[in-house]
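Enquirer: Each protein sequence line maps, in turn, to chains D and Y. When we follow the numbering used here, the leftmost residue of the first sequence carries the number 241, and every step to the right adds one. When we follow the numbering used here, the leftmost residue of the second sequence carries the number 791, and every step to the right adds one.
I should point out that these hints are in silico values taken from the structure, not numbers from a laboratory. Beta carbons are placed, not taken as given, at the ideal position from N, Cα and C, and that holds for glycine. The reader is advised that the hints may include incorrect statements.
Derived DSBU-like pairs: lysine-lysine, alpha-carbon spacing no greater than 30 Å straight-line [stated by the list, open to error]:
1. Y:Lys832 with D:Lys383
2. D:Lys298 with Y:Lys832
3. D:Lys383 with D:Lys481
4. D:Lys489 with D:Lys581
5. D:Lys298 with D:Lys481
6. Y:Lys891 with Y:Lys832
7. D:Lys581 with D:Lys383
8. Y:Lys891 with D:Lys489
9. D:Lys298 with Y:Lys891
Derived coverage of chain Y by chain D (criterion: at least 3 residues anywhere in the stretch with Cβ under 8 Å from a Cβ of chain D; other residues may be distant) [claimed, not checked]:
10. 900-906
11. 1005-1012
From the structure, some residues in chain Y lie toward chain D, with a derived Cβ separation under 10 Å [said to hold, decoys possible]:
12. Val826
13. Leu853
14. Ile874
15. Gln884
16. Leu942
17. Tyr953
18. Leu969
19. Thr1031
20. Gly1032
21. Ile1041
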Amino acid sequence: MSDTYADDSYEPVTNRSEIVFCYDAVDANPNGNPLSGANRPRIDPETQRAVVTDVRLKRYLRDQLDDDGHGVYVRNVKNDQGKQSSREQLLADRMRDLDPDDWDLGTLDDEEEAELREEVFGAFLDASADVRYFGATMSVDMKGSYEGFEDYLPDHFTGPVQFSPAKTLHPVTENEEYNSLTSVIATGEGKEQGGFDLDDHRIQYGFIAFHGLVDEHGAADTKLSTADVERLDTLPWRAIKNQTISRSKVGQEPRLYLRVEYEDESFHLGGLTRDLDIDEERSVPADELRNVREFTLDATDLVSRLGRHADRIARVRVVASDVLDVTVGDEVSTAGDDIGKHGFYDALREAVGDDTVEVVDVYDEAAETMPE
Amino acid sequence: MSRASLDDGTDDAGAALPETCLSFELRGEWGHFRRVEGNIVKQTYRIIPRTTVAGLVAAMLGLERDSYYEAFGPSASAVAVEPIEELRAMNVPQNTLSTAKEHMTTMPSRGHARISMPDPTELRQQHNYELLVDPAYRIDLRLADDHLRERLRARLEDGTSYYSPSLGLSEHLAEVTYLGEFDVTPKARETTRVDSAVVEAVDSVELEPDTEVNVERSPAFMTADEGGRTTRAFQSLAYATGAEPLRVHDIETREVDGRRVMFS
């Protein structure tokens, strides 16, 4: 595989990964619909399952990357410390430094093309973790003596890391509307209802399953490194812990993370979240669900599917919440006596092999993936 | 596009279509095939457009963007699409960064070599995306190019895909299941039930109670040009939203795996 960028300092991704990431929401609005009256939770009208977009998850992940001190290009707010402009500055500087006389277009070999890309975009990508993961839109405009350079430069970055919009594994119930917000801004004495469209809509409980993928071939286009992929083993977990702090987002907790790293190039099983289900026998009826202790995840199909394809799996990186009950076959696994032990890990080991399963120690490992 | 023109064997690639097709199932939790005439509301086609099938197969094979349109041209390829689950969509509005020129930041602000990116500190635009929920199709694909066909067969048999397949947008991850290689048997003009979407024969569909029939006109063929690519032809597709077969009068069909389909 020829390198897309001339940078020996990073380790390119060589394996494809498929990700399952589950979190739950208690009395929260995991993803409001901005076009509905009061930012109502998104709910599939036919199945009554709540929906959370990939855009929402990526915002959490970007905010966590930002907090961790990694550079992030797509931000929510203008930053007074000028972090944002510095990233734009990086690109501006590289473009100013680009000397058309240094490049004999038309005769560039692969290596020289990689050098050109590195010169224009390398520093920007190194400083923009979110672009390495999720890509970015851009346009390249070359005129005068720079005519032709655009043929050698990408016109967009496709994100090698993709997450599908997620659904809850079960129908959800919306809370009754209540007016704790409107009372604050009552429009007049004796008027309980002050504002308009300010009712607070939440779901009572939702167990949300995201499906993600790391494309090893797309990875080279954004300089996504092996370290970036390993960072994913702690990033979504900490993002849900740390970034769900606004009024409607509290009450969300990470419950299960699984990254299946495949052995063979170009191979992945696909649709791993479709192999997850609510264990209806061991959970309270869906409309009565209020917290994780009333919920049991059925991972029987997931574990047996991974087991059937064990020979194509390099490793499974996994972490489960100690209060999540997981059914695999006839057995219900719960946390063990020790932190870091969960019956689900043992079920996985049995299916794909002891050495294949690696339990993620979120906080220890997170420290290792911080910027230097 | 007449049916006959697809089989005359005098195509750009210089090879006749094989008498067999490769069949695979394509499904995902979400899909979005943006209707070209849409603007603020991002509506979706219900049937995966022929051009999207070509793009998806090209991604599986690792073909470069804008490099594969001839191989999927009208005489070099034939595609039948059968919806296998109810076709249903829901609205999923999203806040997105605008790529309109006035919302792009250009770096550096002066000079002849410049790069523009959406300004991430601008307010987001709200777009109402109509997403397909749990879309699933069976694709029967005939490719004249022996080399491409064999590469695709190897990929399907092995369950591999160079770039990861998706349904319209890259975040709508897709699952591909190989069903096998099947004979394609031409059938004389007749009235019959058609399992695939009905191609360019909307007026011949017999409407029946309890079967909701829709028609959409979607891109069928593309060609590479200076600016990237252009849609060369559209086609009209009729389908039942409940994914049932449609009864169609006086049409030519093909039999594949005990089913009746129409290729385009």
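Enquirer: Work down the list of hints and note, for each, if the structure agrees.
Expert: Quick rundown of the hints versus the structure:
Only pairs whose Cα atoms come within 30 Å are accepted, and Lys832 of chain Y paired with Lys383 of chain D is rejected, the gap being roughly 34 Å. About 21 Å separates the Cα atoms of Lys298 of chain D and Lys832 of chain Y, which keeps this hinted pair within 30 Å; it holds. Between Lys383 of chain D and Lys481 of chain D the CA atoms are separated by roughly 48 Å; this puts the pair beyond 30 Å, and the hint is violated. Distance hint between Lys489 of chain D and Lys581 of chain D is fulfilled; the C-alpha atoms sit about 29 Å from each other, no more than 30 Å.
Between Lys298 of chain D and Lys481 of chain D, the direct Cα distance comes to roughly 14 Å. Compliance with the 30 Å bound is thereby established for this hinted pair. Between the alpha carbons of Lys891 of chain Y and Lys832 of chain Y the distance comes to roughly 20 Å, so the proposed pair stays at or under 30 Å and holds. Of the pairs offered as hints, the one joining Lys581 of chain D and Lys383 of chain D is violated, with about 61 Å between alpha carbons and a cut-off of 30 Å exceeded. For the proposed pair Lys891 of chain Y and Lys489 of chain D, the alpha carbon gap of about 34 Å is over 30 Å, so the pair is violated.
Between the alpha carbons of Lys298 of chain D and Lys891 of chain Y the distance comes to roughly 24 Å, so the proposed pair stays at or under 30 Å and holds. With 6 residues having a Cβ less than 8 Å from any Cβ of chain D, the stretch 900-906 of chain Y passes the three-residue criterion, so the hint holds. With a cut-off of 8 Å between beta carbons, the stretch 1005-1012 of chain Y has 0 residues touching chain D; three or more are needed, and the interface restraint is violated. With a least beta-carbon distance of about 19 Å to chain D, the hint placing Val826 of chain Y at the interface is violated under the 10 Å criterion.
Interface hint status for Leu853 of chain Y: violated, as the beta-carbon distance to the closest one in chain D is roughly 12 Å, over 10 Å. Interface restraint check: Ile874 of chain Y against chain D, minimum CB-CB distance 15 Å, threshold 10 Å, status violated. At its closest, the beta carbon of Gln884 of chain Y sits 5 Å from a beta carbon of chain D; the interface hint therefore holds under the 10 Å criterion. A hinted interface residue such as Leu942 of chain Y counts as satisfied when its beta carbon comes closer than 10 Å to some beta carbon of chain D; here the least separation is about 13 Å, so the hint is violated.
For the restraint placing Tyr953 of chain Y at the interface with chain D, the shortest Cβ-Cβ distance is roughly 6 Å, inside the 10 Å limit, so the hint holds. With its C-beta approaching chain D no nearer than about 15 Å, Leu969 of chain Y sits outside the 10 Å limit, and its interface hint is violated. At a threshold of 10 Å, the smallest CB-CB gap from Thr1031 of chain Y to chain D is about 13 Å, leaving the interface hint violated. Of the supplied interface hints, the one on Gly1032 of chain Y is violated, with its beta-carbon coming no nearer than about 13 Å to a beta-carbon of chain D, more than 10 Å.
A distance limit of 10 Å between C-beta atoms decides the matter here; for Ile1041 of chain Y the minimum to chain D is near 33 Å, and the interface restraint is violated.
Figure legend: structure checked against the earlier numbered hints; hints not met, in rising order: 1, 3, 7, 8, 11, 12, 13, 14, 16, 18, 19, 20, 21.
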